[in-house]
Amino acid sequence: MRIMVFNVAAEHGGALSVLNDFYHEVLDRNDTNIQWIFVLSTATLQETDHIKVLRFPWVKKSWGHRFYFDQIIAPQLVKQHQADKIFSLQNMTVPRVTCEQIVYVHQSLPFVDYRFSFRDNRLFWIYQNIIGRNIIQSIKKAELAIVQTEWMKQACIEKAQVESSKVKVIPPNVNIAVNGYFEPNERSLTTFFYPANGMEYKNHQLIIDAARELKRVTNQDYEIIFTLNGNENEYVATLYRQVQEEQLPIRFEGAKTREEVFGLYTKAILLFPSYIETFGLPLLEARLHKGVVLASNTSFSKEILKGYENGKFFDPFNPMELCLLMKQYLQAEIEYKPMLEVQQQKTEENLLTKTLIS
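The working numbering numbers the first residue of the sequence shown as 456 and each following residue consecutively.
Everything labelled a hint here was simulated from the structure, so no lab data went into it. Ideal Cβ positions, reconstructed from N, Cα and C, are used throughout, including at glycine. There could be a bad hint or two in this list.
List of simulated lysine-lysine pairs, DSS-like, C-alpha gap at most 25 Å [said to hold, decoys possible]:
no. : residue 1 : residue 2
1   : Lys595    : Lys670
2   : Lys670    : Lys761
3   : Lys534    : Lys515
4   : Lys670    : Lys722
5   : Lys608    : Lys515
6   : Lys596    : Lys608
Ranges of calculated distance between the beta carbons of each label pair, as one might list FRET restraints [to be verified]:
no. : residue 1 : residue 2 : range
7   : His467    : Asn674    : 36 to 46 Å
8   : Asn640    : Gln616    : 46 to 56 Å
9   : Thr497    : Arg671    : 45 to 55 Å
10  : Tyr636    : Arg671    : 32 to 42 Å
Given these sequences and hints, build the entire structure.
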């Protein structure tokens, strides 16, 4: 059997992690009866006797190059290599081919309630209103759509109007080595942190607005840690200027290693105001470290924190709600609840490849 895996979108971040995780599944399986053909742009994977890698770095030159590849080159490759099955890791199926297709949908923008305007964020508007239509059509066309969370499954069913059997939840295989747990003390309950990049939807502005209000209503000492430098982009530079001009207790400490972030889960309260995520990994990581989590009241947050007593929710567009929660912890109005050891739920080994081959 020849299975062609498309992921020209993968370059960095979550998309590249999804690609690498799946590639290692294929390596672990080592099934000589299957020929795997990975179609990539700039990402690099090692070829083996049963894995072939085709790279097209020119795809990244422009939207036009990507469109030409998707519409012309991709169908040609499927026919040229006589693929029996396609696995698309880039949210969309390949057009004008007759073989079976399975699509992995990890782009949440078309499915979230928040709608971007063309004026405020052109790229996200395009993802929601143009690319989003193609993703929804791909779910309808594919034999099966695979998603990471239950909320994404329900959103896909609703948007694409497909049967539940056409969408399967396979959580990401998250291996988290927990070496310590949250210790509730004066220091940890007055320290907050947010491990996130500088994208606008990560919603650092809400934290700044909440801190501004906290400054007005309490004199209590506390600090907030951002994993930003302050100069990543124009949006982050604006955040940094606000903090400096108003002398808010927010430190821009820059990117941290995975180990440093894990350490902070045991020494600080996690703030998570992002309103667009597929999975929201820090929420799970903090929960496994038995930490306190103040999270946006969204589908992904509620799914990951379901039943977790040290998780609290706020409206990601209302800084007063976050301000109130922070104030309640600062003034010990909310008590930390000791938890039994939290067991990490393991995803069945090699579940993606098993699903493809079955």
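| request: With a cut-off of 25 Å on the C-alpha distance, tell me whether Lys595 and Lys670 pass. | output: Violated, at about 51 Å.
| message | Given the hinted pair Lys596 and Lys608, is their Cα-Cα distance within 25 Å? | response | With a Cα-Cα distance of about 16 Å, the restraint between Lys596 and Lys608 holds, given a limit of 25 Å.
| So the hint says 32 to 42 Å: do the beta-carbon atoms of Tyr636 and Arg671 match that? | holds, 34 Å
| request: With a cut-off of 25 Å on the C-alpha distance, tell me whether Lys534 and Lys515 pass. | output: holds, 23 Å
| query | Does 46 to 56 Å hold as the CB distance between Asn640 and Gln616, or does it fail? | reply | This hint holds: roughly 52 Å between Cβ atoms.
| field | C-beta pair Thr497, Arg671: status relative to the range 45 to 55 Å that was hinted | value | Between Thr497 and Arg671, where Cβ atoms are some 48 Å apart, the hint holds.
| request: May I ask you to test the hint 36 to 46 Å on the CB atoms belonging to His467 and Asn674? | output: Check passed, 43 Å falls within 36 to 46 Å.
| task | Sort out whether Lys515 lies within 25 Å of Lys608, counting only the CA atoms. | result | Roughly 30 Å separates the two Cα atoms, so the pair is violated.
| query | Within a Cα-Cα threshold of 25 Å, do Lys670 and Lys761 meet the stated pairing? | reply | violated, 32 Å
| task | Could you grab the alpha-carbon distance between Lys670 and Lys722 and see if it respects the 25 Å cut-off? | result | holds, 22 Å
The structure is inconsistent with the numbered hints 1, 2 and 5, although it conforms to all the rest.
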